[in-house]
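Novice: Listed here are the chains, written in short residue letters.
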Amino acid sequence: NAGVTQTPKFRVLKTGQSMTLLCAQDMNHEYMYWYRQDPGMGLRLIHYSVGEGTTAKGEVPDGYNVSRLKKQNFLLGLESAAPSQTSVYFCASSYGTYLAGYTFGSGTRLTVV
Amino acid sequence: AQKVTQAQTEISVVEKEDVTLDCVYETRDTTYYLFWYKQPPSGELVFLIRRNSFDEQNEISGRYSWNFQKSTSSFNFTITASQVVDSAVYFCALRNTGNQFYFGTGTSLTVIP
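The listed protein sequences correspond, in order, to chains B and W. Take 2 as the starting number for the first sequence in my numbering and just add one per residue. Take 887 as the starting number for the second sequence in my numbering and just add one per residue.
Don't read these hints as lab results, they were simulated from the structure. You may find that some hints are simply not true.
Claimed, not checked - Distance ranges between label pairs, derived from CB positions:
| no. | chain 1 | residue 1 | chain 2 | residue 2 | range |
| --- | --- | --- | --- | --- | --- |
| 1 | B | Gln-18 | W | Phe-940 | 29 to 37 Å |
| 2 | B | Thr-87 | W | Pro-926 | 28 to 36 Å |
| 3 | B | Asp-39 | W | Val-900 | 40 to 48 Å |
| 4 | W | Ser-928 | B | Gly-78 | 45 to 53 Å |
| 5 | B | Leu-23 | W | Val-932 | 31 to 39 Å |
| 6 | W | Gln-943 | B | Gly-52 | 48 to 56 Å |
| 7 | B | Met-20 | W | Val-971 | 29 to 37 Å |
To be verified - Calculated pairs, DSS-like style, for lysine-lysine (alpha carbon to alpha carbon, straight line, at most 27 Å):
| no. | chain 1 | residue 1 | chain 2 | residue 2 |
| --- | --- | --- | --- | --- |
| 8 | B | Lys-58 | B | Lys-72 |
| 9 | W | Lys-956 | W | Lys-924 |
| 10 | W | Lys-956 | B | Lys-10 |
| 11 | W | Lys-956 | W | Lys-889 |
| 12 | B | Lys-72 | B | Lys-15 |
| 13 | B | Lys-71 | B | Lys-58 |
| 14 | W | Lys-924 | B | Lys-58 |
| 15 | B | Lys-58 | B | Lys-10 |
| 16 | W | Lys-889 | B | Lys-58 |
Quick reminder that beta carbons are idealized off the backbone N, C-alpha and C, glycines included.
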C-alpha cells in the first residue's frame, strides 16, 4: 500500500521553465491538497480538490495551476518558474468526511535558479 | 477565522529532559479536530495524534502526552525524557468543518546528547 506518492523528489529549474509535480494516492481519498513549506512559514495551502474534476484555490495559488482529471492523481503545474517558488512541496490526501486526517506524501524539493 | 499559533520557534533541550511544545488555536466552530505532526530531518510528515473538540481527556502514548484545554484553546504536547531521535519540527494543526487544515508555523526541537 503506497499511500501518497510524489514525483519527482528533487528538481532544479531555471527561471522561466515549466514543470509538473505529480501526486498519486491509492486510498480512494476524495480530497487532495498541495502545500508548500518555507522556513518560518509552516505549511501553506496552494490549491486543493474535493473530488475528481474539481479544484479550488488555497492561500497562495498565484503562479501555480492544478488539475484533477482522475481521482487518484493531483497535478501541480508551474508555468513559468520563479526563484520565489523555491520550496518544499507536499501533497496530501484525505477522505471526504470533513474531520478526516491527512496522509502526506514525502515531499518534493524544488529549487529555481 | 481559523488560526493556529506555535509561539516557540526553536527549542533546545538536553537529552532526558522533559519538553512541552505549545499550541494555541482559534476557531468559532464547536466541532473540530486538532492534530500534531512530526517532521524529522528526513523531511516526511508523520501523524502523531488527533483529538476531537468534544474529548478533553489527556492522552499518553509512551513518552508522549497531550494536554487539550478548551478553556484556554490550547493543545500542548509534552515529550518526557527526551531523546535525540525526538529532534524534529513539530506542527500543530486544526481542521474544522471546512475542507482544509490550518497549520501552525512549527516548532523546531533539538535534543542535545
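Novice: Could you run down the list of hints and mark each one as holding or not?
Specialist: Evaluated hints:
1. Between Gln-18(B) and Phe-940(W) the beta carbon distance is about 49 Å. The supplied range of 29 to 37 Å is therefore violated.
2. Checked against the hint of 28 to 36 Å, the C-beta distance between Thr-87(B) and Pro-926(W) comes to roughly 22 Å, which is inconsistent with it.
3. Evaluation of the 40 to 48 Å hint for Asp-39(B) and Val-900(W) yields a failure: the beta carbon distance comes to about 30 Å.
4. In this structure, Ser-928(W) and Gly-78(B) break the distance hint of 45 to 53 Å, their C-beta atoms being roughly 27 Å apart.
5. Take Leu-23(B) and Val-932(W): their Cβ atoms lie about 22 Å apart, and the range 31 to 39 Å is violated.
6. Look at Gln-943(W) against Gly-52(B): about 34 Å separates their beta carbons, and that is not inside 48 to 56 Å.
7. Evaluation of the 29 to 37 Å hint for Met-20(B) and Val-971(W) yields a pass: the beta carbon distance comes to about 35 Å.
8. A distance of roughly 18 Å separates the Cα atoms of Lys-58(B) and Lys-72(B); the hinted pair therefore holds under the 27 Å criterion.
9. About 23 Å separates the Cα atoms of Lys-956(W) and Lys-924(W), which keeps this hinted pair within 27 Å; it holds.
10. A distance of roughly 39 Å separates the Cα atoms of Lys-956(W) and Lys-10(B); the hinted pair therefore is violated under the 27 Å criterion.
11. Between the alpha carbons of Lys-956(W) and Lys-889(W) the distance comes to roughly 15 Å, so the proposed pair stays at or under 27 Å and holds.
12. Between the alpha carbons of Lys-72(B) and Lys-15(B) the distance comes to roughly 31 Å, so the proposed pair goes past 27 Å and is violated.
13. Under the criterion of a C-alpha separation no larger than 27 Å, the hint pairing Lys-71(B) with Lys-58(B) is consistent with the structure, at around 18 Å.
14. Between Lys-924(W) and Lys-58(B), the direct Cα distance comes to roughly 26 Å. Compliance with the 27 Å bound is thereby established for this hinted pair.
15. With a C-alpha separation of about 24 Å, the suggested pairing of Lys-58(B) with Lys-10(B) holds against the 27 Å cut-off.
16. Simply put, Lys-889(W) and Lys-58(B) have alpha-carbon atoms about 18 Å apart, close enough for the 27 Å limit, and the pair holds.
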